[in-house]
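Participant: The residues making up each chain are set out below.
Protein chains: 2
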Amino acid sequence: MRQFINSKETLVTEALDGALRMAGGRLARLDGYPHIKVAIRTDWDKSKVALVSGGGSGHEPAHAGFVGRGMLTAAVCGDVFASPSVDAVLAGILAVTGKPGCLLIVKNYTGDRLNFGLAAERARAFGLKVRMVIVDDDIALPELPQARGVAGTLFVHKIAGALAEQGEDLEKVTAAAKRVIEGVVSIGMSLDTCTVPGSPKESRIEAGKAELGLGIHGEAGIEQVEYTNARDAMSMVVDRLAPTIKPGPHVALLNNLGGTTPLEMSVLCEELVRSRIGDQIRWMVGPAPLMTSLDMQGFSVSLLPVGRDDEAALSSPVAPWAWPGCLPVSSVQTFPLPDGLAPVRPLPSDHPGHRDFIARCCELLIAAESDLNALDARSGDGDTGSTLSTAARALTGALDNLPLADLTQLYRAVGLELSQTMGGSSGVLLAIFFAAAGDASANGMDMVGALRAGLERVQQVGGAQPGDRTMVDALLPAIEALPSGVAAAAEAARKGADNTATITKAKAGRATYIASDKLAGHNDPGAEAVARLFEGIAR
Amino acid sequence: MRQFINSKETLVTEALDGALRMAGGRLARLDGYPHIKVAIRTDWDKSKVALVSGGGSGHEPAHAGFVGRGMLTAAVCGDVFASPSVDAVLAGILAVTGKPGCLLIVKNYTGDRLNFGLAAERARAFGLKVRMVIVDDDIALPELPQARGVAGTLFVHKIAGALAEQGEDLEKVTAAAKRVIEGVVSIGMSLDTCTVPGSPKESRIEAGKAELGLGIHGEAGIEQVEYTNARDAMSMVVDRLAPTIKPGPHVALLNNLGGTTPLEMSVLCEELVRSRIGDQIRWMVGPAPLMTSLDMQGFSVSLLPVGRDDEAALSSPVAPWAWPGCLPVSSVQTFPLPDGLAPVRPLPSDHPGHRDFIARCCELLIAAESDLNALDARSGDGDTGSTLSTAARALTGALDNLPLADLTQLYRAVGLELSQTMGGSSGVLLAIFFAAAGDASANGMDMVGALRAGLERVQQVGGAQPGDRTMVDALLPAIEALPSGVAAAAEAARKGADNTATITKAKAGRATYIASDKLAGHNDPGAEAVARLFEGIAR
Chain A
1 MRQFINSKET LVTEALDGAL RMAGGRLARL DGYPHIKVAI RTDWDKSKVA LVSGGGSGHE
61 PAHAGFVGRG MLTAAVCGDV FASPSVDAVL AGILAVTGKP GCLLIVKNYT GDRLNFGLAA
121 ERARAFGLKV RMVIVDDDIA LPELPQARGV AGTLFVHKIA GALAEQGEDL EKVTAAAKRV
181 IEGVVSIGMS LDTCTVPGSP KESRIEAGKA ELGLGIHGEA GIEQVEYTNA RDAMSMVVDR
241 LAPTIKPGPH VALLNNLGGT TPLEMSVLCE ELVRSRIGDQ IRWMVGPAPL MTSLDMQGFS
301 VSLLPVGRDD EAALSSPVAP WAWPGCLPVS SVQTFPLPDG LAPVRPLPSD HPGHRDFIAR
361 CCELLIAAES DLNALDARSG DGDTGSTLST AARALTGALD NLPLADLTQL YRAVGLELSQ
421 TMGGSSGVLL AIFFAAAGDA SANGMDMVGA LRAGLERVQQ VGGAQPGDRT MVDALLPAIE
481 ALPSGVAAAA EAARKGADNT ATITKAKAGR ATYIASDKLA GHNDPGAEAV ARLFEGIAR
Chain B
1 MRQFINSKET LVTEALDGAL RMAGGRLARL DGYPHIKVAI RTDWDKSKVA LVSGGGSGHE
61 PAHAGFVGRG MLTAAVCGDV FASPSVDAVL AGILAVTGKP GCLLIVKNYT GDRLNFGLAA
121 ERARAFGLKV RMVIVDDDIA LPELPQARGV AGTLFVHKIA GALAEQGEDL EKVTAAAKRV
181 IEGVVSIGMS LDTCTVPGSP KESRIEAGKA ELGLGIHGEA GIEQVEYTNA RDAMSMVVDR
241 LAPTIKPGPH VALLNNLGGT TPLEMSVLCE ELVRSRIGDQ IRWMVGPAPL MTSLDMQGFS
301 VSLLPVGRDD EAALSSPVAP WAWPGCLPVS SVQTFPLPDG LAPVRPLPSD HPGHRDFIAR
361 CCELLIAAES DLNALDARSG DGDTGSTLST AARALTGALD NLPLADLTQL YRAVGLELSQ
421 TMGGSSGVLL AIFFAAAGDA SANGMDMVGA LRAGLERVQQ VGGAQPGDRT MVDALLPAIE
481 ALPSGVAAAA EAARKGADNT ATITKAKAGR ATYIASDKLA GHNDPGAEAV ARLFEGIAR
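Taken in sequence, the protein lines are chains A and B. The first sequence maps to residues 1 to 539 in this note's numbering. The second sequence maps to residues 1 to 539 in this note's numbering.
No lab work stands behind these hints: they were computed from the structure. Remember, predicted model here, so these are calculated numbers, not experimental data. Be careful, since some hints might not be right.
Same chains, same names: a pair is fine if it fits in one copy or spans any two.
[Said to hold, decoys possible] As a list, the in silico DSSO-like pairs of lysine-lysine whose alpha-carbon atoms are at most 30 Å apart:
#, residue 1, residue 2
1, 178, 495
2, 201, 8
3, 178, 505
4, 178, 8
Please take these sequences and the hints and turn them into a complete structure.
Facilitator: See below:
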């Protein structure tokens with residue numbers, strides 16, 4: 001079994017109970033398990049026309065997910081892909097139907113027609129007013145006199161639901177349902193079949209193929225077509241729909257058949273709007289899973305012509321979360337990019353002391369290149385030395401363009417330079433270090449304070465704590481010792497760097513993936529670089 | 001390619017545009033395609049604290065689906081499973097941050113930390129107040145110091161979002177976010193890996209196995225476990241979570257990792273509530289796809305301890321449809337089954353005329369058994385004769401229990417008897433026929449009117465029109481001719497039945513699936529049965 005179920009037999013009752021628990025008290029069920037599986041609104045007083053739908057399970061959220069204010073009054077659930085019994089439907093009708101009567105919304109499958117039909121007769125024998133409409137929106141098989149009912153059924157639930165909620169009588173609600181059924185057309189496409197619980201998955205659709213015009217019970221599509229991409233797929237679907245609709249505004253319902261990702265559904269949505277019937281689509285329901293076929297990786301498009309009354313009925317709020325709303329299709333709104341993405345380069349200025357200091361640091365790092373690479377080969381990919389020396393060479397070359405005389409600007413400029421020449425995580429971390437130091441300096445901090453602020457931010461972003469075997473292990477003690485002079489800082493950095501050779505369990509950075517016996521006895525290359533830098537400056 | 005996309009390169013921009021179009025004008029994006037993919041609320045005036053999140057795509061609806069009133073202000077989207085660039089994050093921050101400042105909500109991945117971190121520094125250099133929190137809710141690897149950020153991130157969006165919407169300041173919003181991060185724990189389980197667009201699917205998990213503690217980027221779980229059923233699966237997940245939570249009420253977030261069906265998710269939900277920590281789960285978010293991993297067939301559970309303030313923040317309404325609400329977990333409410341499911345058997349009564357008539361009809365059908373079976377073998381499974389004669393024998397045996405003296409009750413009782421002994425579609429259709437006739441009779445119709453009403457209903461439910469090669473082709477003309485006498489009715493029925501031999505394209509019933517050359521020259525068995533019945537009565 002490759003599904004999160006307990007058994008095929010208990011699947012629907014367990015799932016229905018799970019759904020009821022999570023409905024926040026809005027839903028109850030009839031006490032008729034296992035045969036009678038009927039979900040009912042708890043806020044129902046029989047004072048309005050009741051809407052009852054249902055059918056086989058496996059199409060969730062249809063239909064129990066649409067029970068609630070503004071949509072269905074009750075949903076009668078069969079087992080997976082199996083019609084509920086006459087008794088189950090009758091129980092549903094009897095439980096919710098008051099004087100105003102009840103409309104049964106039935107998808108056009110023989111089992112559903114018969115079981116709902118006989119239940120309706122039995123209910124009528126109790127003196128109840130019961131009407132039944134049959135949804136047959138699937139246009140896949142134009143010659144079949146009894147077209148299947150698929151996702152277009154949701155339009156019936158929504159529009160009839162809105163009217164019933166408003167208190168319209170059974171005649172009017174039934175007439176609206178019939179008008180919707182008359183107008184709605186649907187067709188589906190899939191790249192894969194669905195997995196029926198308890199049965200092995202059928203591999204009917206080869207890679208590179210899609211099925212067009214398929215049903216929601218794993219029935220084969222009317223044809224297998226070549227599948228190239230989302231645009232062509234939607235175009236084939238639109239080619240089937242276009243001849244069946246009249247001019248004028250329509251609402252589209254873009255249904256996820258189950259296993260299609262939201263990314264794919266959004267791409268399909270974009271393609272539908274851009275298609276040759278896109279201009280006619282003024283409102284959209286979804287993309288969302290509405291009438292699924294278990295885990296089928298497919299979609300369906302349903303179209304309904306929309307008059308002024310329908311617009312209100314489609315957009316009125318409802319209680320069931322599964323209904324994603326019906327929203328006007330809009331163009332893609334864009335805002336201009338904000339200013340400031342291209343960093344303003346500060347005016348270059350000179351300061352011999354700062355220039356010499358930076359140049360000296362760069363020389364030290366360049367000199368350490370091969371030693372640092374060798375150390376890094378123990379714990380990483382052996383390029384710490386090269387990465388640092390490349391950046392140092394670039395920084396040396398940029399000295400004439402730096403605002404050397406303004407320490408705040410200088411920190412920021414160095415950070416920017418390093419982020420652009422160094423690449424990878426270390427470039428970003430050093431850029432953060434210098435940017436934060438610049439911020440602190442702008443707020444009046446002295447050099448030690450600024451360096452501390454930089455390190456603090458690097459630790460927050462990088463997540464490295466002292467003892468994690470990173471450059472923090474040398475840099476933190478060095479900065480702490482700096483008020484006592486550069487020599488003290490160099491000594492502290494060296495001690496910290498050498499100590500990393502005893503840390504055999506890295507907790508941040510790439511060395512976390514290295515076995516501890518490979519790390520023992522070797523300094524962390526980042527910490528070593530810091531130590532060499534301070535030692536060199538101190539000399 | 002087995003996905004509804006156009007190309008890997010254009011996937012995220014096309015999908016984002018599709019999502020924006022369907023947001024009913026609530027969302028816009030920055031004009032920075034293809035590199036800068038930032039979704040922004042259109043109703044934003046920078047007067048409150050902005051919340052910016054994001055990261056790699058492939059986790060939809062996270063994060064663009066949660067942009068809107070009460071949740072995120074902007075979402076910065078990278079390519080699938082790839083962190084967005086520093087520039088993209090910076091653009092998002094600059095576009096939405098006003099005087100009250102901005103909180104960055106970042107999942108704990110190196111790329112996200114670095115890119116959001118550096119963008120924050122750059123934004124601060126513009127004088128903006130920017131804070132950053134890092135979500136690390138995954139408990140899969142208890143020893144890893146940098147736990148991943150997964151679906152628990154949604155709690156941060158919701159609670160920080162509610163406070164920001166209320167107008168709380170950056171300190172307070174950040175503090176709330178940190179408190180949520182401190183408290184939230186998550187773990188995931190999957191039966192299958194995800195399909196990364198443009199790459200072949202990795203088959204890492206064998207049938208019968210599940211991965212526990214997996215990430216949301218297709219990373220392998222911490223271990224492969226035996227998979228038996230939903231209950232044991234949830235129990236393993238709960239075993240990991242239980243030791244990490246304190247006593248007291250919690251909210252659970254049950255996340256669909258992408259490819260799990262709603263049925264499965266509801267079963268898992270039920271199992272979570274029934275589990276050993278079920279008593280502590282007072283509220284639930286979902287089950288719903290919230291932080292997916294493309295099409296992964298898996299789920300994750302996140303738990304957060306809930307105080308009084310959080311309850312309000314969690315349940316406040318928000319604009320994004322993708323947020324399913326946070327509802328109190330309730331017990332399963334049941335309503336008693338309605339009365340009337342077990343049909344009340346009417347009191348038997350006698351009426352020699354009716355008794356003889358029914359007995360005679362039954363004899364006629366029994367006599368026709370083998371002829372009707374032979375005809376049915378041409379177009380169906382050869383059992384029309386047996387089905388009818390079995391029912392006729394049962395009806396004959398039930399004569400003493402029928403309310404023979406009351407025609408209205410008699411119709412209904414015959415219908416009930418047939419529906420219980422005949423089975424299949426024909427049993428239900430005849431039950432509907434007699435039930436509707438009984439209804440009409442109760443309303444004062446004479447026999448012809450009652451039969452007409454019965455036939456009408458059968459046609460509605462069964463969908464058969466005259467000429468569709470069904471029993472309607474004999475029954476309808478017979479009933480129409482009945483006012484002129486039984487002989488006329490018999491003649492009309494025979495004519496109608498014989499005419500079905502010329503109908504080679506069945507439009508209802510099972511014969512629709514039979515090639516026309518097999519049907520030509522043979523009467524429809526149902527129509528033939530009707531003709532024989534009327535002919536026999538007329539004799």
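Participant: With 30 Å as the alpha-carbon cut-off, assign the pair residue 178 and residue 8 to within, between, both or neither.
Facilitator: neither (36 Å within a copy, 43 Å between copies)
Participant: Indicate which option fits the pair residue 201, residue 8 if close means a Cα-Cα distance not exceeding 30 Å: within, between, both or neither.
Facilitator: both (15 Å within a copy, 28 Å between copies)
Participant: At most 30 Å between alpha carbons: which applies to residue 178 and residue 505, within, between, both or neither?
Facilitator: between (71 Å within a copy, 28 Å between copies)
Participant: Checking an output row: residue 178 and residue 495, CA cutoff 30 Å. Within, between, both or neither?
Facilitator: neither (84 Å within a copy, 35 Å between copies)
Hints 1, 4, counting from the list given before, are not met by this structure.
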